[in-house]
Amino acid sequence: MISRRRFVAVCAALAWPAHAQEQKTTRIGFLGPTTPSAIASRLDAFRSGMAEHGYVEGRNLVIEFRWAEGNYDRLPELAAELVHLKVDLIVTHSAPGARAAKQATTTIPIVFAPVGDPVLAGLMTNLARPGGNITGMSFFTPELNAKRLELLRETVPRIRRVAILFNSNNFSTPLPAIRVAAASLKVELQEFGVRNPGEFENAFATMRKRQIEAVAINDDAVLMASVGTITSLAAKYRIPSVGNSELADAGGLLAYGVSVPAIARRAAAYVDKILKGAKPGDLPIEQATKFEVVVNMKTAKALGIKIPGSILVRADRVIE
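Converting from the sequence shown to the numbering used here requires adding 217 to each position, the first position being numbered 1.
There's no promise every hint is true.
[As the list claims (entries may be wrong)] Heads up, simulated DSS-like pairs for lysine-lysine below, C-alpha to C-alpha not over 30 Å straight-line:
no., residue 1, residue 2
1, K490, K507
2, K493, K515
3, K490, K403
4, K523, K364
5, K426, K364
6, K303, K364
7, K403, K523
8, K426, K490
9, K453, K303
10, K303, K493
11, K303, K403
12, K241, K303
13, K518, K507
14, K490, K303
15, K241, K490
16, K241, K496
17, K518, K364
18, K507, K364
19, K426, K303
[To be verified] Derived CB-CB ranges, DEER-like:
no., residue 1, residue 2, range
20, N413, A297, 21 to 27 Å
21, G275, G339, 36 to 42 Å
22, T242, A345, 39 to 45 Å
23, E418, P293, 26 to 32 Å
24, A519, T323, 21 to 27 Å
25, E418, N343, 21 to 27 Å
26, R455, H270, 43 to 49 Å
No lab work stands behind these hints, which were simulated from the structure alone.
Virtual Cβ for every residue (Gly too), placed ideally from N, Cα, C.
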């Protein structure tokens, strides 16, 4: 007859393989086009999302970070490093980040969170069935920029000359769609491409010389990492600005956009599905459905702009 102690030991030995499998460490590569501090809220949201699905750093999750620090030319090399480490999956954001990851591997799954327009970026041709080893989140970049111009024009009807500030190193900037939107609103659009923060001052000084009356900031990882500098220059040259929510929080006049941290948190669900066996190419690109209007009243007062009631009534947030 087997003793109780022996019985417990045998049961423990039989259970060990299942327990060991549950505690398997997942290794994820994170390809960052900018710096950790620039996307701190996004990283926090992604980590929270992963924890909700049972993945915790230091316990059963390792994240290998690679940062391009705003130099998109470094992204292919950094993506190759993550492939060499044989990570289980690569997470990235922005069109340059996603494209570098896709060019580096056809086998390791990739989740981007987000890319403005994955089709324009050349990542896929079908949002419902991306195919290959890549999927992720998107937020309608062309439509977003058109809405921002409309918001500007409604807020300051006298505007006739508007600038678009974009990263000239980002091949996915939807300039054709922005030009069409500007023409439909009967505003003159002037394009200012910059490659790094060192070029911001000259861009805004030139806007002032050309009597630019407002500026729209395109969604780009480098530009969004520098919203503090951008809004300071917009204030210095007294140019109303519109962009995403982070821009308004940093001192921009208006925002129309999505919550990027919410997208990053949601991306963790896609990561979990893939780690559990789903094929990235079978997961449809998830497109944002909730957009918010933000008005910075402090900035409006400093610029001498009276925000119309039609804008305030639609605002999801008003920064006093």
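Can you name, in rising order, the numbers of the hints this structure does not satisfy? Structure breaks hints 2, 3, 6, 8, 9, 11, 19, 22, 24, 25.
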